[in-house]
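Peer 1: The residues making up each chain are set out below.
There are 2 protein chains.
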Amino acid sequence: MEFAFLLGIMAGAMTTGSIVPQVFKIVESKSARDVSTLFFVIMAGGMLLWLVYGTLRSDMVIVLWNGLSLGLTLVILALKKVYA
Amino acid sequence: MEFAFLLGIMAGAMTTGSIVPQVFKIVESKSARDVSTLFFVIMAGGMLLWLVYGTLRSDMVIVLWNGLSLGLTLVILALKKVYA
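Sequence lines, in order, name chains R and E.
In case it helps, my numbering puts the first sequence at residues 130 to 213.
In case it helps, my numbering puts the second sequence at residues 130 to 213.
For reference, chain R alone in the conformation it holds in the complex:
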């Protein structure tokens, strides 16, 4: 269980962390034309459900990372609004 926890921390750091370069890419190029709005809208909804799922299973690793991912996804949706 100790090992699973550490693995979950690493796994989440990667799947959540992967969103960060996408944010920077949009800011740098000032373009989000090829980025799918539908992708990130459905993603945000799913992350919200994962949050509840993690809470019901008392899986704090799931709760932590999906909360952070949800925040980053909302940032990307805001940027897509700005840069179309």
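Some hints here could point you the wrong way.
Pairs count within a copy or across copies, as identical chains cannot be separated in the list.
Heads up, simulated DSSO-like pairs for lysine-lysine below, C-alpha to C-alpha not over 27 Å straight-line [stated by the list, open to error]: (1) 210 x 159; (2) 209 x 159; (3) 210 x 154; (4) 154 x 209.
Keep in mind that the hints were calculated from the coordinates and are not lab data.
Given the coordinates of chain R, work out where chain E should sit on it, guided by the hints.
Peer 2: Relative to chain R, chain E alone:
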């Protein structure tokens, strides 16, 4: 636990399903310029770790959805190679 399982199925359908329109968008526009390779490479690595995490926690919902997501992510990376 029944409800958590159903919620996990829905949550995964959304976070994994959200990748599908991104695949179609790239195929339709024949362009993936604004799509970050780094995003999907790190994402794929993280999904692999989530697969192991889900196995260690005997959480088959996590295993199922991360396996599918990993496959879709590899498709996007292949498309990015094709359409640069």
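Peer 1: Sort out which numbered hints this structure fails and list those numbers smallest first.
Peer 2: none
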